[in-house]
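Undergrad: Each chain, written out:
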Amino acid sequence: MKKIDRRHFICSSAALLASNAVPADAFWPFGDEEKNLAGPDDIRGTIFKGDAPEKLWKWSHEGFLYEKLPKKKVRCGICPNRCLLSPGDRSICRSKVNMDGVLYSLAYGNPCSVHVDPVEKKPLFHFKPRTRAFSIAAAGCNFRCLNCQNWEISQVKPHEVRHYELFPEDVVREAEQSKSLSIAYTYSEAITYFEYMIDTARIARERGISNLLISNGYINREPLLELCRVLDAANVNLKAYSDAIYRKLNGGRLQPVLNTFKTLHEQGVHFEMTNLVVPGYVDDDDLVKRMCGWILDALGPDYPLHFLRFFPKYKLDRLPPTPISTMKRFRDLAMREGIRYVYLGNVPGQDGVNTYCHNCKNLLIERQGYLIPTYNLEGKHCRFCNTVIPGRWETGDSVQEKT
Amino acid sequence: MKKDEKAIIRVVIATGISSVVTQLLTIREFLSQFQGNEFVIALLLFNWLVLGGIGTFFARLVSKYLLKASVAALAWLSLLLASFSPLQIFAVRVLRDQFFIHGSSVGFYPTLFYTLLTIAPYALLLGFVLPYSLFVLRVERPDYSGARIYMADNIGDVLGGALFSFLFVYFLTPMQAVFGASLLLLVCTFFLFQSDNRFSPLQLISVSAVFAVLCLGVFLEMSSLTPAEGKLVYYKESRYGRITIHQDHEQMTLFASGAPMFSNQNISMAEETVHYPLSQLNTVRNILLISAEGGMMEEIALYGAETIDYVELDPEMTSVQFQFGLLKKIPGLHVLNQDGRAYLAKTDKMYDAILISLPEPDTFQVNRFFTSRFFELARARLAPEGVLSFSMEGFDNYLAEPQRRKLSSIYNTAEEYFKHILLLPGQRVFYLCSNEPLRSDIPGLLAEKGIQTEYISGYFYGNLTRDRIEYVTGLIDRTISKNHDYAPLLMRIMFSQWFAKFSTSPTSFFAVLGVLWFVYFLRITREEFVLFSTGFMTMGSEILVIFAFQIFFGYIYFQIGLIITVFLAGLLPGAWAGDRYRVRGKSLLAWTDLILLVLLGLLACGLWAGGDRLPVVFYLTFGFAVSLACGFQFPVALYLRGGDNPAATRAFSADLIGAAFGTLVTSVVLIPYLGIFMTIFCLGLLKLTSVLVVVKS
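Protein sequence lines correspond, in order, to chains C and F.
For what it's worth, this note's numbering labels the leading residue of the first sequence as 1027, then goes sequentially.
For what it's worth, this note's numbering labels the leading residue of the second sequence as 19, then goes sequentially.
To be clear, the hints were calculated from the coordinates, so they are not data collected in a lab.
Since the model is a prediction, treat every value here as computed from it, not as a measurement.
Where is the CB? At the ideal position from N, CA and C, for every residue including glycine.
Mixed in with the good hints, there may be bad ones.
[What the hints assert, rightly or not] List of simulated lysine-lysine pairs, DSS-like, C-alpha gap at most 30 Å:
id: 1; chain 1: F; residue 1: K367; chain 2: C; residue 2: K1339
id: 2; chain 1: F; residue 1: K500; chain 2: C; residue 2: K1339
id: 3; chain 1: F; residue 1: K254; chain 2: C; residue 2: K1339
id: 4; chain 1: F; residue 1: K346; chain 2: C; residue 2: K1354
id: 5; chain 1: C; residue 1: K1081; chain 2: F; residue 2: K519
id: 6; chain 1: F; residue 1: K519; chain 2: C; residue 2: K1183
id: 7; chain 1: F; residue 1: K519; chain 2: C; residue 2: K1075
[Unchecked claim] On the chain F side, residues computed to face chain C include the following (Cβ under 8 Å):
id: 8; residue: S123
id: 9; residue: F126
id: 10; residue: H264
id: 11; residue: E268
id: 12; residue: Q269
id: 13; residue: P278
id: 14; residue: S281
id: 15; residue: Q283
id: 16; residue: F413
id: 17; residue: D414
id: 18; residue: G480
id: 19; residue: S521
id: 20; residue: S523
Produce the entire structure from the sequences given, and follow the hints as far as they go.
TA: And the structure:
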């Protein structure tokens, strides 16, 4: 074996000492950023080949918007997935099937979840405060969010859940009986039971009950325009201002969601935005700045933005919750950028849940959870400076009296 | 004994030590990286043993056609094995985020394939090396007994198990433990090269390179644990798993075995856990906490209790919680580091409230806290108006079927001992159990006591509306069976829930496994079937005994470690005796099979009569006796098969594959689906078949 001379020994020793002086992290090839970029890039769903039931059930309804193609294929037109289904196939959202060349929804009149919630829970802070929303959901979703809080109903087929029988007329009647001023299409993904939602919403509109869409906003323009005709308010989740994160964590794309916001804005529908701050993915100042920039450019400063605190959930259960200071920082950042009404969700006991006039900065609505001990709006005006506060406050005090 | 022979035996023993330490560390690493339920543990052990069996099976073919048996080749293989240990641990730790989305949990099939991928190089090589060592020895002495290699391996296994369980786990991090265990193998390999008198610069460089790999493992350990979010401010490998604290700005989050448990900023969970039960009581004097949530102590302090006994199994866990302010020290607080159920069984103290904050019952260890006997025990330690409280994973708007069955089983089990059970579907589904009426208007109760809360006072009426409380209570299915110690129904339901979460089913896996087993079964000899069934029964019995022991005595780390050790320790004297009396052949196999049957019968009788009244030494003696019989059979079966190289590889394989099936089937099928006594019956039936096979031949 070759002997080592003195020069080699000194050089080697120096290298060894230098390596000890440098932190071990410097040698570690897997950095933090790589961790979040690694793994599958796209978790978007696929259609379920040959998974349609043998025959339709009672809660089936022909699809609202679809294209008939040769060989009895159909293409669903409700959401940007635009599922191309051969006879016997089931859509990505699991609730549409091609039965011999006709597209059917299997989620019509069979909600699996029915509750009465405070409207603030949706969250909608600028829409008829202190009122209740009769909330329904049928099974299915066009996304695959890893952190879904309703995965038991969103990631299953309509046949796999217990359900009630409430056809559109029944829903409106139940809403009236529960003294709810609104019907919220929520929990799972309302777009996947579009036919059920729009038929119910039309009846509700006739009876003076408001319609609320709580959604991921992954819908095509044509059905959305139809829905806007009967829609009173919406809360749309802007999961991240990043197409890569949409594909990686949610199984969707960003642009169609942005288009939804623009359409709602054009159509004059009041909406609020939610953004779940997922640590390691969405908790990036630059990302938030860019998101705010787009909101201001495309929609203006008046639509409320809710930052929601992340908690480990469903499959994304190995991350810590979002630090409260990050939530506060994002709220400050978004307000500095120019968005007038920015709120914090899933953070009890924080100031970020109250509404302050964007003009005079006085406290307009104090919220303690779902309770509102202080209410300083007169109609839609600030009681202190008479500024018009964006939102749907038209029922004002009368709503409070009713509830 | 010749110089070569000594060196080879030393390598075999060192390989045994290194492999057991690596295996235990790999299991812990998997539990930290993946869901730590019984299914994952069983799957990992199964893969490990099966891959080992495959490696063993191919040893003869490879040594015949590709790599002739020689001391030098064995030394090179051992060197490779020593370097694989740290690489395997790193692979499990690092590749996870390359294959899966960071922060997400992983379902059954991805876990299965990831396990196979990451442990295959090491486990295959490990399985290969053992019979290969025998072939090398037989180059010089063709009549060298296979049983002696088996015994040397067992010595290594026992030493490795004991070294890890009673020494390394207390003082060393995983990479330090790997370093310690593999260094011994490296040194033995070094001497093996030397014994071959062909020591070359290449060998010296290679040994140095492996040494560098081991050092590098220790050097890079902390970097490999650094979280992507925030920074790692605390890291400790306790006896029970990995504890880390991640700091992200001002938030401290406690992770136990890779899963976030709680943070110092989750006030809502702390409020729910404390106020739902304590608000029910007129006076609160004595409180028992079995484990705890972050922030609970401040809420408990509002009630001014005289004593708060906080029982936590892991002393490292309590220490770190107080150190990082996740729990505050309040007047009257006593920390007791022991098993919660064992504590309840022996204390005479009466409590006004028992608050349990444990994870979901997806392991044998946690299932014990939601059984009929446990609820009986809890009632006996509660004051007449006292409240027992615990919670299960929550749901937002729909109660899915597996969870409904889980909640129903617990409800039906608790109802036997408590007149009133109130379900509150908060962030988790809370059970309040008492023999006095309970009220669901928690904000009202708190207002009467003048207690202010941040979460409950504002959010309760929106999140826990009357219709939601009625919804969950109305969905309780009274026909669902109760959860018993001996028949852990909850674990079965938890498995279903886990599979439902990933929209998958283990049916295909078990179908493929069944076909493979059938093919294997058709190809093995009678003697191999005896070894297969004994391997199956030994591992099955070990899992059974650990399960039963925990039920009655709690999870006592030292004694569980002893049980695992005695299940290995008996193999050595058994093999020695078997080697000595092997000429008596088949009758010995039949008799030892009968002894195993009798032992199973004794275990069943002992447990039936009352497992809690049995002394610890009963379980230890049973384990030793089973492993003694198992060890005894190996040389006898080998002798009956002729003892040549093909027979040796097939015998080693049969033992390993039997152990693999025993681990998997007992953990995830027999105990959860059939209960303890039917499991014993099934193991006995398998052994009876083995007796018949031997007698018939």
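Undergrad: Decide, hint by hint, whether the structure agrees.
TA: How the hints compare with the structure:
Taking the CA atoms of F/K367 and C/K1339, the gap is about 38 Å. The hint is violated against a cut of 30 Å. With a CA separation close to 28 Å, the supplied pair F/K500 and C/K1339 stays within the 30 Å bound. Our distance criterion of 30 Å between C-alpha atoms is met by F/K254 and C/K1339, whose separation comes to about 25 Å. With a CA separation close to 25 Å, the supplied pair F/K346 and C/K1354 stays within the 30 Å bound.
For the hint linking C/K1081 to F/K519, the alpha-carbon distance of about 27 Å falls within 30 Å, and the restraint holds. For the given pair, F/K519 sits about 14 Å from C/K1183 by alpha-carbon distance, which is consistent with the 30 Å threshold. Of the pairs offered as hints, the one joining F/K519 and C/K1075 holds, with about 21 Å between alpha carbons and a cut-off of 30 Å not exceeded. Because the beta carbon of F/S123 sits about 5 Å from the nearest beta carbon in chain C, less than 8 Å, this interface hint is met.
With its C-beta approaching chain C no nearer than about 13 Å, F/F126 sits outside the 8 Å limit, and its interface hint is violated. At a threshold of 8 Å, the smallest CB-CB gap from F/H264 to chain C is about 6 Å, leaving the interface hint in force. At a threshold of 8 Å, the smallest CB-CB gap from F/E268 to chain C is about 5 Å, leaving the interface hint in force. Using the Cβ-Cβ criterion of 8 Å, the hint placing F/Q269 at the interface with chain C is satisfied: the shortest such distance is roughly 4 Å.
Taking 8 Å as the C-beta cut-off, the interface hint given for F/P278 holds, the closest approach to chain C being about 5 Å. Restraint check, F/S281 versus chain C: the minimum CB separation of about 6 Å is within 8 Å; hint holds. Satisfaction of the interface hint for F/Q283 is found here, the shortest Cβ-Cβ separation to chain C being roughly 5 Å, below the 8 Å cut-off. Interface restraint check: F/F413 against chain C, minimum CB-CB distance 6 Å, threshold 8 Å, status holds.
For F/D414, the interface hint holds, since its Cβ comes within 8 Å of a Cβ in chain C; the closest pair sits about 5 Å apart. Interface restraint check: F/G480 against chain C, minimum CB-CB distance 4 Å, threshold 8 Å, status holds. Interface restraint check for F/S521: the shortest CB-CB distance to chain C comes to about 7 Å, inside 8 Å, so the restraint holds. Given hint, F/S523 at the interface with chain C, is violated; its Cβ is 13 Å from that chain's nearest Cβ, farther than 8 Å.
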